[in-house]
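Protein chains: 2
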Amino acid sequence: MSIASLEDLFIHTLEDVYFAENLLAKKLPEMAKKSSATALKNAFEEHLAETRTHISRLDEVFKSLGRKPSAEECPAIEGILEEAEELLEEITNAKTRDAALIASAQAAEHYEITRYGTLIAWARELGHEDILPHLRETLAEEKNADNKLLRLGEDQINAKAA
Amino acid sequence: MSIASLEDLFIHTLEDVYFAENLLAKKLPEMAKKSSATALKNAFEEHLAETRTHISRLDEVFKSLGRKPSAEECPAIEGILEEAEELLEEITNAKTRDAALIASAQAAEHYEITRYGTLIAWARELGHEDILPHLRETLAEEKNADNKLLRLGEDQINAKAA
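Line by line, the protein sequences are chains A and B.
Position in the first sequence (first residue = 1) + 27 = my numbering.
Position in the second sequence (first residue = 1) + 27 = my numbering.
A hint or two may mislead.
Intra- or inter-copy, both count: the list cannot distinguish identical chains.
Computed cross-link-like contacts, BS3-like style, restricted to lysine-lysine with a CA-CA straight-line distance of at most 30 Å [to be verified]: (1) K60 - K95; (2) K61 - K95; (3) K61 - K90; (4) K187 - K122; (5) K95 - K187; (6) K90 - K68; (7) K90 - K60.
Hints in this document: simulated from the structure, not taken from any laboratory.
Just chain A, with the same shape it has in the complex:
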């Protein structure tokens, strides 16, 4: 695919995020399963429900732009999740693994935070006012999910791992 304009770049990035959200929806149940703390397991299950909402919102965004939803392979989220898997395999006890699961999930959240931030800036520039509320809602939820994970680590998980 050749990218010749900001509009092309915007669509490419939308497809990249669509791939990332779908991959995350596949990996979150595995992360929930690997969690030993109930609060962490619940956090992953709640974020899976949110991630499915984000995918539906992207479906709406593609529709508003007169396009079919499409995913573009995203080496960044693949690298982030590959690193998470390699790390989890090296960990020999459950409480340390819980702390690593939080860090890995926060890395995935931050990838989405940066991409939605970029998409919002470009959508504003391109005059795609109608899709901005969808993108902003998802960005707010990703930031909230990241903060919840950080607090869960600080309030419960890290102390048990230390």
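We have chain A; now place chain B onto it with these hints.
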């Protein structure tokens, strides 16, 4: 390497960030070279100087912990930068490439933001009070670099790309 405690995980993540900062120090000059806007070229050159400071701070952190600086290969930052390179190759005009360079650099910044955030939470839990100022200073600079790139996009680069 087997990780059996939060302390092990902390060291592993420090080595991961050390790898990421060093890779970024290699890639930033290429990103500056690929920029067509002078303001963007300058932003990358300024951030290269900051990145070198972050590496020196990590050297100090390793020293405080009685360890030699060591890098652990980090598939996450490799994936983020691989995605950036693939994307830039697909772009056929300089002004669109500038917008993509900002997005790519912000993705790298966000990776560092999440990792330093995690390192700070774990250092607090582990009682490594002496290294906290170093980690906090770098985190503040990464957040500032991310905001500067966002504003540069919104104020100058995106409009030229659209």
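To see whether the hints hold, each was checked on the structure:
For the identical chains of this complex, K60 and K95 are neighbours neither inside a copy (33 Å) nor across copies (36 Å), given an alpha-carbon limit of 30 Å. Taking the shortest Cα distances, K61 and K95 never come within 30 Å of each other, neither inside one copy (35 Å) nor across copies (32 Å). Proximity of K61 and K90 under a CA criterion of 30 Å is satisfied in neither setting, with 36 Å inside one chain copy and 34 Å between copies. Proximity of K187 and K122 under a CA criterion of 30 Å is satisfied intra-copy only: 6 Å inside one chain copy versus 50 Å between copies.
With identical chains, the CA atoms of K95 and K187 are at most 30 Å apart between copies only, with a shortest distance of 28 Å across copies and 46 Å within one. For the identical chains of this complex, K90 and K68 are neighbours neither inside a copy (34 Å) nor across copies (37 Å), given an alpha-carbon limit of 30 Å. For the identical chains of this complex, K90 and K60 are neighbours neither inside a copy (34 Å) nor across copies (38 Å), given an alpha-carbon limit of 30 Å.
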